[in-house]
Structure formats: structure tokens, C-alpha cells
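Engineer: What follows is each chain in one-letter form.
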Amino acid sequence: MTDLVATSLVAGYAGEDVLRGIDLELRGGERVALIGPNGAGKTTLLRCLAGLLRPRGGAVLLGGAPLAALDARARARRIAVVPQNFATPFAFTVREIVALGRTAYVGPFGRLSPHDRAAIDRALADAEGAALAERPFAELSGGERQRAVLAMALAQEADVLLLDEPTVHLDPVHQRATLARLGDLAREQGRIAVAVLHDLNLASVLSDRVVVVHRGRIVADGAPAEVLTQRTIDAVFGTGLRVLEDRVPPAIVPLA
Amino acid sequence: MSRRLPAATVFAALAAGLAGAIAIALALGAVAIPLERVLASLAGQGEPTDSAILLSLRLPRVLGAALVGAALGVAGALLQALLRNPLADPYVLGTSAGASVGATIGLFLAATLGHLVVPLFAFAGALASIAFVWRIARIGPHTPVVSLLLAGVVLSAFAGSVVALLLVLSDRLQLRLATVLAWLMGGVSVVSWEQLSIAATLVGASLLLGLAAGPRLDALAFGEDVAAGLGVDVERLTRTVLIASALLTASAVSLAGLVGFVGLVVPHAVRLLLGPAHTRLLPACALGGAVFLVVADLVARVALAPTELPVGVITGLVGGPFFFVLLWRQRESYRL
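In order, the protein sequence lines correspond to chains U and P. To get the numbering used here, take the position in the first sequence, counting from 1, and add 95. To get the numbering used here, take the position in the second sequence, counting from 1, and add 6.
Please keep in mind that the hints were generated in silico from the structure rather than gathered at the bench. Incorrect hints may have been included.
Footprint (simulated), chain U over chain P, 3 or more residues, beta carbon under 8 Å [said to hold, decoys possible]:
#1 49 to 57
#2 71 to 83
#3 88 to 99
#4 224 to 232
#5 237 to 251
Everything numeric in this text was worked out from a predicted model, so none of it was measured. Think of the CB as a built atom: it goes at the ideal place given N, C-alpha and C, for glycine as much as any other residue.
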């Protein structure tokens, strides 16, 4: 089974380091939530793990080999990313977008093989997007768009799924449904699934492991009940939240 | 929103439209020649006067117009994918103006160095311009429409001044100012089959380059991070698109000077019929651009006959308002 490991990761933009020494080991089959306040470095960490941002120090290893040694095509067959911003001015249909997941497999002129077509159909089914296939992406609701983008990532047939705030813009029911679906996929198929989440309760209920990023470092990492304590939450988010530690898994409510 | 049509239908209609437009453009002109006599001449069995007019005057010009339209249509589609903006076009972005500086210098040297020097210098000018605009308009991984259009406008004005200076200098050197001016205003001025075949080769090669990048261009239309995540080598693809669009623009400018807005109108219309996937969009833009410019050139020749208009005047009259309609529709998303 694949593992994705970051060691002593230092990374950032322009002159500033956003990540200041991250060590993280991710294994297949577990649902990992990446939480932390705005600007903590969650997205930067995800981009490094995806190979989209080259770290200044340390390394990311995929299955023991440096990620930086893979070219874009080889990397996209192993790691799929669901970005926070996904938009285009052009009127692509959902099926065309899911087919983009095969970019790293098709030849230069883009002819889809029977295997490519099967992967696209399977991804659409797994993301519950089959009924959307022929519709223009721009006409979809937020939840439907999220399913289309998830299907695109699934069509990459990658062992690693990295999602940047996959539940933003969704109502609570769709937030839960999206994460539950993702979790099922991770467990059933032994994939690594990491999602950046802002909703701490979703992280608590729908993940096996919660990683807390604060000021470019990992300050807590473990099962929801171990990590989501009043002490940790106060230290990272300040004092506006109350953790109901007696609940299993813990619940977090804002203070009045 | 119009529904898409089957690709086979669209390509068949475009090919038939191109054949029809070329036939009519050959038949009409200062001397009208009936279609059956046009076809006879093309088959090598026409009357000598017909054949002289058709084969040495009209055919090179009509084919030249078709090539210019194809080149600009594809260049527009490529730049729009790279910049993720349907307003991108080699004329609007100043690429054509940059190519015209190179081509003007090339024209002065052509007498001594041969015709190949014109597209070569035009390519250098186009590549320098588009690379410059792309660099200067970029903010992080994004290219906001305002900085893009401003950079294009200012570059066009600057290049226009350079060309004007060159023309004044050339006048003092007693070169053919009137010819150069007519070309610059967007007139298809094909001087030889050699010139046509050079342009055809460049346009064909660039189209192939774009087609080969088709699926990666689709990915790039969603942004650089998304494309990279999907397995696209974004830097390499960017270079390919910049070079291919510069080659296409240079070919068009060498043949017909500054012909505006073809790259804006054609991809937009084709996307409505076929959808945005580039492996279909690019060849359809080549055909659609060819039809558009053959018709525009025909109108330019016959509208005020015997006076000929530069074809750039016709495309400008159609494309200018079209650009403003697109800008108006997008003003919400761009906060203009």
C-alpha cells in the first residue's frame, strides 16, 4: 500500500515561509482531516503533498521515492487534487470535465481508450454524478459541482486524493454527504484521502485522524477524540469555542 | 444557451461553406466570371483570359485570405485557452502589431534577402510581443482581464508608432510607401505562390502543434494549478502555445497586415456550435476563420467597386461591436 510522507517540510511564497518544519506520514485507508485557522498553512501543505509547490527544505516521499523526481504526468497518475477554486469561462459539460481526469493517460491528440471511458463512467457513478454527465458545469448547483470535480479526481485512478475545502459552499446535508462518500472511497479502496476542512464537527465525525496545523507547524495529530480537546482548540483557535469533550466523537460549539 | 450540434455536421457544414465561399469569391470581382467557367479554369480547361484572371490574380488572393482567417481563428482559440479569457485575440493583445513591426523591417530587407525574411521577422516581433504581454499582465498565476487589455492596447500603440517611424524613414529611402500602407491596413496582398506555401506550411504546423496539445489545453482552461494536478507540464504547454500563436499571427500578418478580431469572433461562434473541447475547437476555428475571411475579403473587393477596401476594415466593423458585446456581458465577472 502506498504511503505519502513529508519530512522536515519548509515551504512558502515570495520571501515568507508558510510551512516551518512539517513531518507527516499518511497511509492508505484512513480518512484524514487537515484543520487549523486561516493562514495556518493548510493549503500550502496540501499543495506540497500534491507536488504542485516545490518545498524549500525537506522532502515529500511517495511510496519511499521523492515526489519531486516524478514528472507531472507520472505524478497525476498517483495523486489527484481537488482544488479550492475550480472555474472556467468556457461551457464544458460534466462529462468533459470528468474526462480531464484522464489527461495523464491519453495520448497527444486525446483519443479516449475503452479503459479511459470505463474509468470516467466509474468515477461518475462513484461520485453520484452519472445523472449530471451531459449537463453544462456552469448550470450546476454548488453540491452538483462538487460531485463533478470529485468525479474528475476519481477518474485519475490515483492512490492519493487531496481535497482543499471540498465542502465549502455546500449546505450541511451536502457537506456530510460529500465527506461520507469520500470516506467510503478511502476505506473500500485503500486510498489515502486528505481533506482540508473548516468545519471542526465534520472533522470530528467523519474522519479517522485529525491533523492540526498552526503557524506552519503540526501541533496535534491523532484520532478526533485525542486531538479535539478544549486545550488544543483554545491554543490554536483562541477562546471563542467550547469543546464538548464528553461526546463521542467530540462536538465543538461556538460560545455565545 | 444554444444546444451543441453533432461534430460531423458542423465540420461538414464548415467545409461546404468554405468551398462555396471560395467558389463565389473566385467568380465575383472587377470582371464577373460565371461559376461553370471558374470550375473549367480550375480544371485546366478554361478560356485563356478567365484562367489568367483566376489563377494568377484571384486564386492566390482568395487562398491567402483563407489562410489568414484560419491562422487568426486558431491563434485566438489558443490564446483564449492560455489566458482563460474569451476576449484574448492576437489583435487585441498587440501580437499582430508586434508582428507588423517585424514584418515591416522584413519588407525593407526582402528585396535583398528574399521573401522568407518577412514571416521570419514577423515571427520574432509576434513572439516578443505576446511573451511581453503575458509576463506583464500576469499577477501570480492569474491574468486579470484589465491588465491584459491595457498591456495589449499600449503595446499596439507603441508598435504602431515604431511602424510609422519606419515608414517615414523608408519614404526618405524612397521605398514603395503606398504598397506598405495598404498591406498594413489589412489588405490581402499575395505576391507569389512561394509566399502562400510558406504561410500554409507554418499555419499547418502550428495547427498540428495546437491539436496535439488539445486535451492539455482543456485542462489549462481551468487554471494552472488544476492543469498541473491533472498531469500537465504547464511551463512547457505555455511555451508551446506562445510559440504556436506567434507563428500563426506572423503568418497572417505577413500575408495581410493588421486584420483584427477574427480570433475573437470565430472561436466564440464555433464554441456555441461545438462546445469548448480543443481537439474539435481548433480545426473548426481553422475552417470557420477561413470562411469568415474569404467572405470578408470578397465584401471588401466588391462593396465599393471599383474601389477596394482593406479586409481589415470589414473585420473591424464586424469585430469591434462584437468585442464590446462580449465585454458588456462579462462586466459583472470582471468588475469593469
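Engineer: State whether the coverage of the segment 88 to 99 of chain P by chain U holds or is violated, taking the criterion as 3 or more residues with Cβ-Cβ distances under 8 Å.
Structural biologist: holds (count 3)
Engineer: Quick check: do three or more residues in the segment 237 to 251 of chain P have a beta carbon closer than 8 Å to a beta carbon of chain U?
Structural biologist: holds (count 4)
Engineer: Quick check: the segment 71 to 83 of chain P, covered by chain U? Criterion 3+ residues, Cβ under 8 Å.
Structural biologist: violated (count 0)
Engineer: Against chain U, does the segment 224 to 232 of chain P show at least 3 residues with beta-carbon separation below 8 Å?
Structural biologist: With 7 residues closer than 8 Å to chain U, the segment 224 to 232 of chain P meets the three-residue bar; holds.
Engineer: Tell me if chain U covers the segment 49 to 57 of chain P under the three-residue, 8 Å CB rule, please?
Structural biologist: Coverage by chain U is violated here, the residue count being 0 at a Cβ distance below 8 Å.
Of the numbered hints listed earlier, those contradicted by the structure are 1, 2.
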